[in-house]
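S.K.: Sequence:
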Amino acid sequence: MAASTVTLALVVTAALLKNKFMGVPIIALVMGAGYRYDKCYGDHDKEIRDCAERLLREDRRRFEMIGGPITLAEIDDRILSKERSY
1 MAASTVTLAL
11 VVTAALLKNK
21 FMGVPIIALV
31 MGAGYRYDKC
41 YGDHDKEIRD
51 CAERLLREDR
61 RRFEMIGGPI
71 TLAEIDDRIL
81 SKERSY
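Numbering of the sequence shown is given in UniProt numbering, commencing with residue 1 and proceeding in unit increments.
Please keep in mind that the hints were generated in silico from the structure rather than gathered at the bench.
Glycine included, every Cβ here is placed at the ideal spot set by N, Cα and C.
Hints are supplied without guarantee of correctness; some may be wrong.
[Said to hold, decoys possible] Here are the simulated lysine to any residue pairs, SDA-like style, with alpha carbons at most 20 Å apart:
id: 1; residue 1: 20; residue 2: 6
id: 2; residue 1: 20; residue 2: 4
id: 3; residue 1: 82; residue 2: 71
id: 4; residue 1: 46; residue 2: 58
[Stated by the list, open to error] Ranges between beta-carbon positions, derived for each pair:
id: 5; residue 1: 7; residue 2: 39; range: 32 to 42 Å
id: 6; residue 1: 36; residue 2: 80; range: 49 to 59 Å
id: 7; residue 1: 57; residue 2: 37; range: 30 to 40 Å
Can you make the complete structure from the sequences, with help from the hints?
M.R.: Here it is, written out as structure tokens:
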């Protein structure tokens, strides 16, 4: 919506000032709108899925919790310390 508004303003300004170079930024606006349209309605979800699967295959340690998994004893200690603080 914003790109179309700015494009219209640039076209009107170029027509009023009779300066065709005022329309040059329209190229970037159209390319940007096309890029966003492709990312919204293109194969972007497939690209994300492929990248996530590649990361999981390459190095699974990136997704492990630092210090290992949380134990029930740690949860109980946390609950007790919270109750004592009040």
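S.K.: Decide, hint by hint, whether the structure agrees.
M.R.: We went through each hint and held it up to the structure:
At most 20 Å may separate the alpha-carbon atoms for a hinted pair to count; residue 20 and residue 6 meet this at roughly 15 Å. Taking the CA atoms of residue 20 and residue 4, the gap is about 18 Å. The hint holds against a cut of 20 Å. Note on residue 82 and residue 71: the hinted pairing holds, with a Cα-Cα distance of about 17 Å set against a maximum of 20 Å. Between residue 46 and residue 58 the CA atoms are separated by roughly 18 Å; this keeps the pair inside 20 Å, and the hint holds.
At about 20 Å, the beta-carbon gap between residue 7 and residue 39 misses the expected band of 32 to 42 Å. The hint said 49 to 59 Å for the Cβ distance between residue 36 and residue 80, and at roughly 51 Å that hint holds. Distance hint check for residue 57 and residue 37: the Cβ-Cβ separation is about 31 Å, which falls inside the suggested range of 30 to 40 Å.
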